[in-house]
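> Taken in sequence, the protein lines are chains A and B.
All the letters of the first sequence, read from the start, carry residue numbers 1 to 337 under the numbering used here.
All the letters of the second sequence, read from the start, carry residue numbers 1 to 317 under the numbering used here.
Cβ pair distances, simulated, as ranges:
hint	chain 1	residue 1	chain 2	residue 2	range
1	A	Ser-103	B	Met-1	24 to 30 Å
2	B	Ile-243	A	Ser-103	20 to 26 Å
3	A	Ser-103	B	Val-140	35 to 41 Å
4	B	Thr-205	A	Arg-323	48 to 54 Å
I should point out that these hints are in silico values taken from the structure, not numbers from a laboratory.
Small disclaimer: the values here were computed from a predicted structure and weren't measured.
All residues carry an ideal CB built from backbone N, CA and C; glycine is no exception.
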Amino acid sequence: MSEPILQVKNLCTSFIQEGGRELRAVDDLSYDVHEKECVAIIGESGSGKSVSAMSVLRLIPYPPGIIKSGEILYKGEDLLKASESRMEDIRGSKISMIFQEPSTSLNPVMTIGNQIMENIMLHTDLSKDDARKRAEELLTMVDIPNADVRLKDYPFQFSGGMQQRAMIAMAMCCNPDILICDEPTTALDVTVQAQVLEQLNNLREKYNTALIIITHNLGIVARYADTVKIMYGGRIIESGTADDVFENPQHPYTIGLIRAVPRLDLPRSRGLQTIPGEPPDMASVPANSCAFAARCKYACDECKTKRPEGEMISDTHYCACPRRELASEERKEVVVH
Amino acid sequence: MGKYVVKRVLLLIPTIFIVCAIVFILMRMMPGDAVDIIVVRMRNAGKSVDADQVREMLGLNVPPVIQFFSWFGGVLRFDLGDSFFQADSVSEIIFRQLPISLELGIISLVLANLISIPLGLFCAAKQDSLADYILRIFAVFFMSVPMFWIATLVLFYPAKWWGYAPEVTYYSLFANPIKNMSMFLVPGILGAIGQAGTQLRITRTMVLDTLRQDYIRTAYAKGVKQRDVLFKHAFRNAMIPVITIVGGSIGALVGGNVILENVFNIPGIGQSLVTALGYRDFPLVEGCVLIMSLFVMIVNLIIDLCYKWIDPRVSFD
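The following block holds chain A by itself, in its conformation from the complex:
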């Protein structure tokens, strides 16, 4: 495989709470992203997936957030060491980002056109008129009809799906190498979700843009992702190709997640499956333990006192659970063949 365009190495992002307590939102996270690759980062609320994505663009509000250590290499350049003005060049141009709630992520008192044009004019030398033409092209590209007229609309005049497509148009205006999508479809109707995802996938094909999709929707992942990272408690606990993770899940948490997806092929009496317990309060999980240990039925004492060593199960498949063999029964149950 070619050189990765983005390498996240041992990233640690913390939030300092009142009274000085440190909350490790992202704890020693590493992953690579290659050109045109679609990477999915999966985890429940509070698992650190959004924080890890925002850390890549250094968008963590400080205080209270702080990137404590690690490297974020974009084409070999460490973004954590880059100047603020260098970051401003990269944001929205080389690495773009779209967010969960399109309705609140667009400025309510600026027209869609002005918001897209702002991004274009920040990163190119186009004149205002040319920027408007480019904005019109972009809106047409994301299938918004009458783009020339809709440019003058305000966000509240767009539907949720159109707002998210306008966000995509804005993010794609400089043909970025990487598009980070932080739960891009969570706030949208199911039918609109499919359109938006299809859109993202088409853009990836057309412009070779790598996608980092942060989600808790396993359906998205199974359909579009090349590689999947499962996050829990700020760490990647399992990763691999989509096939590795869905056909052969190893970590008890991954198995639990897949089990929790409602299945139409099983009797209704099975009910909705859940993972018992609650997501951990990150400030109280000891650094040298498995973050999932408190909820894991296979946990032993060692899980609570020693940070599990990750191991490569195959060339592509990684898992951080030494006791994963114990879950083999459950694994068979969840994998659909």
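Following the hints, complete the assembly by docking chain B onto the known chain A.
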């Protein structure tokens, strides 16, 4: 939009009627009236009159309902009647004194906004810095100390130390701009700082609140510089609630700042209203209150129209 303005203007008429009725009734409910004062004064001047004659002279001998409608009829013809004590008609008095109060108010308003909005933005941008704390302490200080106290100090100490006192004779702005300004500047600043304290805190809070919004994060993610995020993205959104506060203070302008007008001997409408109340000068009080409330209504209408200009989501339909 046009339809909305017409509707709002037409609504002014019943509102004016209600204001007139309330102020008319309240005045009649007050104990004592101008008649007694006039009788005493005329007797002292050596004329023998009785109360009934005076009452007839002032038009107070007919039933109140008739008094009200004849007055309200005059209002609709822009005739506010005559003062009981002064030779001029109420309209003339208001026309003479309103601009004086307005000048003081406008100076205060402009200064208050020039001080508070930039400093509010600054405090928000430098949240929790030393400068932020110091400015906020000043803001709370000027909001809380009574104006008459600062006004008295400002009048007293410069006079004692440097022999300086503000002008106390009124000259119109056009007749003698320098003397006019030397009279209005100090009370203008004093009027501004109290207002500025409130507005600084509101601006700061609103800008901080806006800076936490998702679209600010989007702006940063686009590569917008911090300064542009503040001015282009946060400022306009933060101004929506600030406008309401500014609007409320514009309405208060026309009422004149009674305290400042008294301390600095400015012959504005606020001073006039207080005097008229003491003398139970019904037509003058009613006229002043009517003009003030009309002004507030018109300012509110303008502020409502401003919302549309700032926030495209506002719809008048």
